[in-house]
Amino acid sequence: MSKPARAVGIEITGVNLSYGATHVLKDVALSIRPGEFFAFLGPSGCGKTTLLRLIAGFAQAQTGKVLLDGQDVAPLPPWKRDVGMVFQSYALWPHMTVAKNVAFGLEERRLPRAEIDRRVAQALELVGLSAYAERRPAQLSGGQQQRVAVARTIAIEPKVLLLDEPLSNLDAKMRVSVRRELRSLQQRLGLTTIFVTHDQEEANTICDRIAVMDAGKVQQVGTPMELYENPANLFVANFLGSANILDERAGVPMPAGKRLVFRPQHAGLTSPEGAALRGPVTHREFLGATVRYAVRIGDSEVLIETPFQSGRELRDVGDNVGVDLPPRRMLFLPA
Amino acid sequence: MQRSPGQVALALAIALFLGVFLIVPVATVVYVAFTEKGGGGLTLVNFLDFGRTDLFVRSFWNSVYVSAMTVVWASVLALPLAYLTTRFEFRGAMLVQTLGFLPLIMPPFVGAVAMQLLFGRNGSVNLLLDEWFDFKIGFMEGLNGVIFLQAIHYFPFILVNLSAALRNIDRSMEEAAQNLGSHGLRLFRRIALPLALPGYIAGASLVFVKVFDDVATPLLLNVKEMLAPQAYLRITSIGIDDPMGYVISVVLILVAVATMWVTALVMKGKDYATTQRGGGGLARRHLRPREQALAYAVVILILALVLAPHVGLVLLSFATVWSYSPLPDGYTLAHYTRVLGDSSVYIKNTLLYAGLAATIDVVIGGAIAYLVLRTRLRGRQWLDWAASTALAVPGVVLGIGYLRAFYGVNMPDGTPLATLWIVIVLAIAIRRLPYALRAAYAALQQISVSLEEAAENLGATKARTVRRVVIPLMTGGLLAGFVTSFATAAVELSAVLILVQSNSDAPLAYGLYVLMQTPAGRGAGAALGVIAVLIVAICMWLSQLAVDRSQRARGLDI
Numbered sequence: 006m007s008k009p010a011r012a013v014g015i016e017i018t019g020v021n022l023s024y025g026a027t028h029v030l031k032d033v034a035l036s037i038r039p040g041e042f043f044a045f046l047g048p049s050g051c052g053k054t055t056l057l058r059l060i061a062g063f064a065q066a067q068t069g070k071v072l073l074d075g076q077d078v079a080p081l082p083p084w085k086r087d088v089g090m091v092f093q094s095y096a097l098w099p100h101m102t103v104a105k106n107v108a109f110g111l112e113e114r115r116l117p118r119a120e121i122d123r124r125v126a127q128a129l130e131l132v133g134l135s136a137y138a139e140r141r142p143a144q145l146s147g148g149q150q151q152r153v154a155v156a157r158t159i160a161i162e163p164k165v166l167l168l169d170e171p172l173s174n175l176d177a178k179m180r181v182s183v184r185r186e187l188r189s190l191q192q193r194l195g196l197t198t199i200f201v202t203h204d205q206e207e208a209n210t211i212c213d214r215i216a217v218m219d220a221g222k223v224q225q226v227g228t229p230m231e232l233y234e235n236p237a238n239l240f241v242a243n244f245l246g247s248a249n250i251l252d253e254r255a256g257v258p259m260p261a262g263k264r265l266v267f268r269p270q271h272a273g274l275t276s277p278e279g280a281a282l283r284g285p286v287t288h289r290e291f292l293g294a295t296v297r298y299a300v301r302i303g304d305s306e307v308l309i310e311t312p313f314q315s316g317r318e319l320r321d322v323g324d325n326v327g328v329d330l331p332p333r334r335m336l337f338l339p340a
Numbered sequence: 162m163q164r165s166p167g168q169v170a171l172a173l174a175i176a177l178f179l180g181v182f183l184i185v186p187v188a189t190v191v192y193v194a195f196t197e198k199g200g201g202g203l204t205l206v207n208f209l210d211f212g213r214t215d216l217f218v219r220s221f222w223n224s225v226y227v228s229a230m231t232v233v234w235a236s237v238l239a240l241p242l243a244y245l246t247t248r249f250e251f252r253g254a255m256l257v258q259t260l261g262f263l264p265l266i267m268p269p270f271v272g273a274v275a276m277q278l279l280f281g282r283n284g285s286v287n288l289l290l291d292e293w294f295d296f297k298i299g300f301m302e303g304l305n306g307v308i309f310l311q312a313i314h315y316f317p318f319i320l321v322n323l324s325a326a327l328r329n330i331d332r333s334m335e336e337a338a339q340n341l342g343s344h345g346l347r348l349f350r351r352i353a354l355p356l357a358l359p360g361y362i363a364g365a366s367l368v369f370v371k372v373f374d375d376v377a378t379p380l381l382l383n384v385k386e387m388l389a390p391q392a393y394l395r396i397t398s399i400g401i402d403d404p405m406g407y408v409i410s411v412v413l414i415l416v417a418v419a420t421m422w423v424t425a426l427v428m429k430g431k432d433y434a435t436t437q438r439g440g441g442g443l444a445r446r447h448l449r450p451r452e453q454a455l456a457y458a459v460v461i462l463i464l465a466l467v468l469a470p471h472v473g474l475v476l477l478s479f480a481t482v483w484s485y486s487p488l489p490d491g492y493t494l495a496h497y498t499r500v501l502g503d504s505s506v507y508i509k510n511t512l513l514y515a516g517l518a519a520t521i522d523v524v525i526g527g528a529i530a531y532l533v534l535r536t537r538l539r540g541r542q543w544l545d546w547a548a549s550t551a552l553a554v555p556g557v558v559l560g561i562g563y564l565r566a567f568y569g570v571n572m573p574d575g576t577p578l579a580t581l582w583i584v585i586v587l588a589i590a591i592r593r594l595p596y597a598l599r600a601a602y603a604a605l606q607q608i609s610v611s612l613e614e615a616a617e618n619l620g621a622t623k624a625r626t627v628r629r630v631v632i633p634l635m636t637g638g639l640l641a642g643f644v645t646s647f648a649t650a651a652v653e654l655s656a657v658l659i660l661v662q663s664n665s666d667a668p669l670a671y672g673l674y675v676l677m678q679t680p681a682g683r684g685a686g687a688a689l690g691v692i693a694v695l696i697v698a699i700c701m702w703l704s705q706l707a708v709d710r711s712q713r714a715r716g717l718d719i
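One line per chain: the protein sequences are A and B, in this order.
Heads up, this note's numbering is the position in the first sequence plus 5, with the first residue counted as 1.
Heads up, this note's numbering is the position in the second sequence plus 161, with the first residue counted as 1.
Derived from the structure by calculation, the hints contain no laboratory data.
Nothing false has been slipped in among the hints.
Residues from chain B that face chain A, not an exhaustive set, calculated with beta carbons under 10 angstroms:
no. : residue
1   : Asp-331
2   : Ser-333
3   : Glu-335
4   : Ala-337
5   : Asn-340
6   : Leu-341
7   : Ser-343
8   : Gly-345
9   : Arg-347
10  : Leu-348
11  : Arg-351
12  : Pro-355
13  : Leu-356
Listed next, the in silico PhoX-like pairs over lysine-lysine satisfying Cα-Cα at most 25 angstroms (straight line):
no. : chain 1 : residue 1 : chain 2 : residue 2
14  : A       : Lys-222   : A       : Lys-263
15  : B       : Lys-429   : A       : Lys-105
16  : A       : Lys-222   : A       : Lys-31
17  : B       : Lys-429   : B       : Lys-371
18  : B       : Lys-431   : A       : Lys-105
19  : A       : Lys-70    : A       : Lys-31
Label pairs and their calculated CB-CB ranges:
no. : chain 1 : residue 1 : chain 2 : residue 2 : range
20  : A       : Arg-140   : B       : Ala-325   : 23 to 33 angstroms
21  : B       : Ala-615   : A       : Phe-337   : 54 to 64 angstroms
22  : B       : Ala-325   : A       : Phe-313   : 52 to 62 angstroms
23  : A       : Arg-140   : B       : Val-237   : 30 to 40 angstroms
24  : A       : Pro-260   : B       : Ala-615   : 51 to 61 angstroms
25  : B       : Val-237   : A       : Ala-79    : 35 to 45 angstroms
26  : A       : Gln-67    : B       : Leu-256   : 29 to 39 angstroms
27  : B       : Ala-615   : A       : Ala-261   : 54 to 64 angstroms
On a predicted model such as this, the values are computed, not experimentally measured, just so you know.
Glycine is no exception: its CB is placed at the ideal position from the N, C-alpha and C atoms.
Sequences and hints are given; from them, build the entire structure.
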């Protein structure tokens, strides 16, 4: 595909959506910039897929607006929205060949035959499947099917591209290579893209910005690094990487109603004397590059990861240790 | 799982049963068709005669035409209903789905005469049309009558298969099409319908074969120039030595086999078991008020047609005289007193025959299912195939085969085996065996092998494991198989028609057929029909109850 004339932004404001008594999306507001690779990240049931389906027109919100390029899409049915969606199951039609699948959207747009053929060939070439045009979807591997689904979607030159857990049906090795392909394809097309996933690594590695969602709410929006370094709340801190969380009983002064949060690899072990946080080692795990200790602090347990250096003595289970935590690594987040 | 002597003995016994009561009769029919009259050598001359006889050629094409047109009209009725119920929020949907059971409750021949009275040249509908609008519609003229009646009776086979297929399509299949710009009828035609095609074809080919093999419905409508009726007429009027009945039988088998073969060819590579992910079927759309009115009109019209044979039958069973008038002249209970009095032997025979046949089916079906799924006996698959070939053997052919194969076999007291009532039971049992077999498979497949292995691990022998674990767990499924076999056996006619030797041995369907031939007997025939419908309906309900109960008992919440 040639680059679209202009990438399109998405504005979502005040969206509330319920299915019966279940409130699936709560006051969702997001601003997705033109050309951005954006992720909806969250655990299953957080509302991320529903939000994606809302943009595609497969769900209706009770309140709020979705603006595509400044235009409210609420009155448009799914088939008039021009937002390309790649389904989690790929949803390739088994009764059509690969080429027929890719041609479908173009035929629905009543394009001339020659133009359809040209764009089908172009889209298949873009995903590297030109040789497979006459195959049936069932004759392709999972990764190839996924690329057909992408080709079918970008063939119509949509305003935005929606990817619903596109990597979840692939094995671990394929995932890494396919996500790189998706990223470079998106870069070449300059297409505004939303990527739904529950896997923080996927979101971190390919997306420009991420909206972390939980319980129907957007918890925080930011670049992967911002979210990791400065999580806005305990959920975000926990969901992106592991985090130790301590309350005031740990003996560290902290603002009322807040919790002390720090990452295992940001702390080290020291002697218990004079340390604010101290206690016995309860577990030790050797992970190769690092050694992970569990230390009991009052009623809680914290994890500390220290780099492994051969020859250096390790602490044993039962040793009393202190936790060495630089103040700049301390985060105080609302409970 | 090694083989035990008990399993081998069981397999051999079943093989013997199928050999004697299915393979031998059918082989006899084929053999006779290819031998010269009077017992000469093998020849094709009978088939040449068939091809040279105008009547047979005409009958053949009439049968093809009627079967094909029935499929067409049945599709016309089934398609909109399937579309409505699977793609729209529609309160009439439940009503439409229950239609699926109606053809099982009443085979078309039962209502044939009643439909003649409702839709015939001088039937209720045409009398009213003539009076109000001065024209008549030839619903029941000649072949059209057969098509009309069969389509009304058999369209639910297409409806049920097609709706199930439509519901099983993963919703993302259609959402993807919407996302790419397709919607409405065009979406249905390009995505949903092709994906549901296997379901449609399965239903359509079933309808085609059933109509092609039907003897009694055309005869009751006084249509003789069709192939299956010709086979029956040849054997009963000219005798069992005339080769033409056998040649026609072979043609009937060939058509059934060819239909199944073509079906298999078309379905090849089209088994689109779209993996179910997150709820089936597209979100159903609400109908706008005007669409809603139209939808209801369509459903009510079709419902009226489907119920017409039943309504007509009930009216006829209570009527004193009913001809040349929209409704009967008066009403009486005399027909019921008659059939419950001196004709009650029909009812007694039906219960006996159907009960015995269904028992045989469940025992043999259950045994075959066990041998195929749970043992490694060599050739066990052949038992399944042999039993399933019964599907391709029309009832009239099986009847002719029994007559020919067993007429020369005499009982100790000198009566030919073919004239005994037990032969009727066996024929019915063979005809219904494939259905019982499917039920047994389904029941056994739901039981995890580990349950049996656990019993054996705790010291139970194979035989005791079967008795204490397998059979108790299969009970619900087998019971459902029994009731379905029983219900359909109770209204089996085409094989029975040939085998019944005297009225005292005849089941209800035969009595109904005979009574319906004369205007004086119609009322009583209709009363028998109503009783048959009641028996079958109660059985269907019981079977549903049995399945529900066993599923609940095992915590399978479906």
